[in-house]
Amino acid sequence: MIHSLFLINSSGDIFLEKHWKSVVSRSVCDYFFEAQERATEAENVPPVIPTPHHYLLSVYRHKIFFVAVIQTEVPPLFVIEFLHRVVDTFQDYFGVCSEPVIKDNVVVVYEVLEEMLDNGFPLATESNILKELIKPPTILRTVVNTITGSTNVGEQLPTGQLSVVPWRRTGVKYTNNEAYFDVIEEIDAIIDKSGSTVTAEIQGVIDACVKLTGMPDLTLSFMNPRLLDDVSFHPCVRFKRWESERILSFIPPDGNFRLLSYHVSAQNLVAIPVYVKHSISFRDSSSLGRFEITVGPKQTMGKTIEGVTVLSQMPRGVLNMSLTPSQGTHTFDPVTKMLSWDVGKINPQKLPSLKGTMSLQAGASKPDENPTINLQFKIQQLAISGLKVNRLDMYGEKYKPFKGIKYMTKAGKFQVRT
Amino acid sequence: MTDSKYFTTTKKGEIFELKAELNSDKKEKKKEAVKKVIASMTVGKDVSALFPDVVNCMQTDNLELKKLVYLYLMNYAKSQPDMAIMAVNTFVKDCEDPNPLIRALAVRTMGCIRVDKITEYLCEPLRKCLKDEDPYVRKTAAVCVAKLHDINAQLVEDQGFLDTLKDLISDSNPMVVANAVAALSEIAESHPSSNLLDLNPQSINKLLTALNECTEWGQIFILDCLANYTPKDDREAQSICERVTPRLSHANSAVVLSAVKVLMKFMEMLSKDLDYYGTLLKKLAPPLVTLLSAEPELQYVALRNINLIVQKRPEILKHEMKVFFVKYNDPIYVKLEKLDIMIRLASQANIAQVLAELKEYATEVDVDFVRKAVRAIGRCAIKVEQSAERCVSTLLDLIQTKVNYVVQEAIVVIKDIFRKYPNKYESVIATLCENLDSLDEPEARAAMIWIVGEYAERIDNADELLESFLEGFHDESTQVQLQLLTAIVKLFLKKPTETQELVQQVLSLATQDSDNPDLRDRGYIYWRLLSTDPVAAKEVVLAEKPLISEETDLIEPTLLDELICYIGTLASVYHKPPSAFVEGGRGVVHKSLPPRTASNESTESPETAPAGAPTAEQPDVIPTQGDLLGDLLNLDLGPPVSGPPLTTSSVQMGAVDLLGGGLDSLMGDEPEGIGDTNFGAPPPAAPARLGAPIGSGLSDLFDLTSGVGTLSGSYVPPKAVWLPAMKAKGLEISGTFMRQVGSISMDLQLTNKALQVMTDFAIQFNRNSFGLAPAAPLQVHAPLSPNQTVEISLPLNTVGSVMKMDPLNNLQVAVKNNIDIFYFSTLYPLHILFVEDGKMDRQMFLATWKDIPNENEAQFQIRDCSLNAEAVSTKLQNSNIFTIAKRNVEGQDMLYQSLKLTNGIWVLAELRIQPGSPSFTLSLKCRAPEVSQHVYQAYETILKN
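Residue numbers (my numbering), protein chains in the order written: chain A, 125 to 542; chain B, 23 to 967.
For the record, the hints were derived by calculation from the structure and aren't laboratory data. From the three backbone atoms N, C-alpha and C, an ideal C-beta is built for every residue, glycine too. Accuracy of the hints is not assured; some may be wrong.
To be verified - A few chain B residues facing chain A, derived, Cβ under 8 Å: (1) Lys89; (2) Gln102; (3) Pro103; (4) Asp104; (5) Ala106; (6) Thr162; (7) Glu208; (8) Ala210; (9) His213; (10) His272; (11) Ser280; (12) Thr312; (13) Glu317; (14) Glu382; (15) Gly590.
What the hints assert, rightly or not - If you want the ones that stay clear, here's a sample from chain B, every Cβ over 10 Å from chain A, calculated: (16) Ser46; (17) Asn174; (18) Leu218; (19) Asp863.
All chains, full assembly: derive it from the sequences and hints.
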């Protein structure tokens, strides 16, 4: 199972190590550094690195490498999922997951890691259980602790640990009982030069924030559940009921959690809410190129597209760009060759555009590669797949909760080739 | 107020300061000091000097302080074993604490202290905790057994902890079950022989129940454990699959992949006609696709596994091509994997899309990726014939870009396209030649040289082109040198008049100035060929090449099956069996896919039936099938049909074949060749003129071939009595079959046990499965007088009429003499039908193996055979069973073999030999599975004699 964990920052310093079995020398990370050097960018470091006696599995999050060391045959996904859980837990505990924050809370971090694994076997990874065992630091608690001498380590066995619903603690009490659900869909798409869709799919999630007293039992039903043919559930969802009735029935965890994630595959027709008109041309003879892009709405079901950002990695041969946007602001970084245009809202009457020239290296031939345009946008109150929640019911408790549901569509990896 | 204050140092020296604080009377100060110590530890500072002071703080009712001290202890106990003993008392006391959290914490920490003296004290508390009333303590104790086993395995066995652990599998709490399974799995990994996880339908049922209720991590342990179970029949397999399928919707990708493993493995047992089989296939696709929308690290592991799944069961993802399209900001390791899978999924239906994508990728920035994309276009051309033309024109477009590395890759793949579709696209050669100068990589240069040599007659200035390469001959890599040598020899054979000088030059460069044995040997071979018999050289060098097969990088089928059992593990990421890389001497059990056994067809599975069954004793009497007999009776027994006598000519053919075969492999890419051929005399000085005979070396070369030639007779079984005298009015016939250098004959011994002279012999065969027929009349020259015996060899051919017999190798014969007509039937050994050109190309073998459906595979055991792989291979080769490749997997020799029957049926075989064990495993795959049984018998006969 998982032997050790090293946290490494992007400049290659090991700033935290934790061993769950015998101590593994930190020199094992040298193999990781070699791989890091070979990969041009941090994102390209391979996730599985073999060394003569160990295997290093790593994830790169928040500019930190989380490197797990294993010695025997262990499912790599198990390790990677666990590392993700570590990252999530840190974020949950400290609000952000960054090197300074981890260093500031090093003892809590160490205690938490000790609770998460025992001899490399996962012990407590649910955040509500962890929080009962090791209380997250707050300014108030730190002050109180210093005055009263009490600790931030729970003295009692967490109640949820062994119950049938390990994700929920007992005795939860709220004065305002509320349950909010956010249906968030991300469109991953590749659009080719001519504007037709090469591939498009939707990654959807339903994130919930449930603050309800006691042990509520919820059911959530959809207007069109047959859209959901490829789903992954939070462990609280009763799979049998979903199979037979297409209803989500569950006792929710307390607080924020992801109820379900789903995937609408490329085989279904996915509506593309936005289009990009582009004309990027280099001429062989001249050292100037022409650049023009326009963004416009396509299938938006009458909603406004907001938060539009256009990003494009220009070819290396481009020295500089002189552009004028019809709205928003733009920047071009001549070192990384990254063009970014913060467009904002799209007004269908007056389409935003960005026009101008690019200066190329004098005498150089025209670049071989075509820049790809990366698009980000948001549409409120719309789930582009058409998914709609029908109703939410609560059983098991007497009070009337406040219920809310929100829809949003975002661009995931939305790329337009030129 | 953050923990960073723990890192500040003072002038006096940190350790000194901390020591003072640890010994302070104030609880709060003590705790702060321990925190500082822990903080130093986390960044790798050595604070072991504070050991006694920290341990002193252990006896406290403050849980946080206790935990911190425990953390410290776990890290440093090993370096201070004597001091660590001081802690034992506290541990033992804590194990009795009323608070389960503290009991669990104590037993957990104690297990982490890897000091022998402490482990002795651990046994009693651990025993108690394993039976604790609180499940939280029990589940912690279960893991502790695994820890203890890691430190002292003997102790764990002696104390009987393993049995207690096994009992925990039936615990009422699912979490305890999951941890017990995890602990047992880890222990079992270091003890492959022990039967720790004794899985039976009852325990499986318990695991499946716990699966629904335990944590996600527990589900992974249980699923991985389930995957090791082999259900007894398809019904059980299906019921397990049904209960595992809901896990495919789990949010944790490791759970999903472990579930996929169980399903992929058990699916093997389900019949394809089953409705459920189809349902399962459909259910597998969406979770795999979903894995691809996860974080890149997860995607990478998923893609490596999908690569295996796609090879095993392409139907699962055949409609999902688009999810493998590459996004420009995917990490490079994801891009390369996606590309690989795209090619595997490419088919006529989606090739247009794939090509458009690949062309797009070829203009990306990343060089490695672009190269692979260009290569992928070539692979598409080879895989999907209909697309070849489009691929070639795409490649030409790319060559026009003049981007150096794109051009080089394109030329390498175009070479392969030429080999796959000869005489179709050679018109592009001119374009290729234009780019000759820009090639600087060995592979591209070698490919270009090959093209020039192969098509020398179409390239006007081929000699100039090759000459230009020759200038820097010694600076080239071996690959290029070898290719250049062959290409110039080809050129010489095509245009002998203009290129004599060139060929002499290259031969002398290769044989005299080079230190590379492969190059030198190849040089000599050509030299001698050219000098002895240019016509033969032409036949050899310019022989028609076998077509290359579609997929070049398929994983070997047995390895693939094994890897399917390891889905989700490191083995699946590396595409190697765990034994190839798992650390240490820990033996690894081979996993294999379960054979398909259906509950309703309990009789005669292929393994059991033939195992020890004697093969020789078969009834000699013709079965009483009226119509067959009638057929035979109606046969004309006059002068037999004359077939062309084969013997003489075929001897020569055999020899030529041998030579050709040897040279082919010599000229192939593998440098093994005849590296160990011993040239008797040192090579003579370079002849001044081509055509000068080279003495000793040459004859050596031919000695070699003739030596090989004599080996080529296959095994001849001893003669058996086919027709006893009492059934044939005194004529006794015994005989056998043999095959020698390409011709089959029936050796007969006729004995006259009657009292009268026998004359006018004739023989006729009934129609049979392989069309065996006499190639010449039965010639008994003199009348056979009483008690006289005559031996006759009757040449046979296989051009007779065909009718399927039962058994397949049954031959019904009618013999006539002056007295009467007699009938008998006999079984001929199948190996007389194995032809000499039964050696399959390696790639072809792989592709064919994959191509033949698994239902056609039959497995047999060959027992009591003490030969080693080497001997087996020679022995079989003599009977025309050719070993194509040999591989050693963990001490086992795997021989991959092919043979061809006279009627063109190919049989592929995999023979697994465990040194020291007299039992071999033979797997046969053939499009006509009914021959397998007989091929197995042939193996058995050949190997045991």
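Outcome of the hint check:
{"no.": "1", "hint": "Lys89", "result": "holds, 6 Å"}
{"no.": "2", "hint": "Gln102", "result": "violated, 13 Å"}
{"no.": "3", "hint": "Pro103", "result": "violated, 14 Å"}
{"no.": "4", "hint": "Asp104", "result": "violated, 19 Å"}
{"no.": "5", "hint": "Ala106", "result": "violated, 14 Å"}
{"no.": "6", "hint": "Thr162", "result": "holds, 7 Å"}
{"no.": "7", "hint": "Glu208", "result": "holds, 7 Å"}
{"no.": "8", "hint": "Ala210", "result": "violated, 11 Å"}
{"no.": "9", "hint": "His213", "result": "violated, 13 Å"}
{"no.": "10", "hint": "His272", "result": "holds, 6 Å"}
{"no.": "11", "hint": "Ser280", "result": "holds, 7 Å"}
{"no.": "12", "hint": "Thr312", "result": "holds, 5 Å"}
{"no.": "13", "hint": "Glu317", "result": "holds, 7 Å"}
{"no.": "14", "hint": "Glu382", "result": "holds, 6 Å"}
{"no.": "15", "hint": "Gly590", "result": "holds, 5 Å"}
{"no.": "16", "hint": "Ser46", "result": "holds, 14 Å"}
{"no.": "17", "hint": "Asn174", "result": "holds, 14 Å"}
{"no.": "18", "hint": "Leu218", "result": "holds, 16 Å"}
{"no.": "19", "hint": "Asp863", "result": "holds, 33 Å"}
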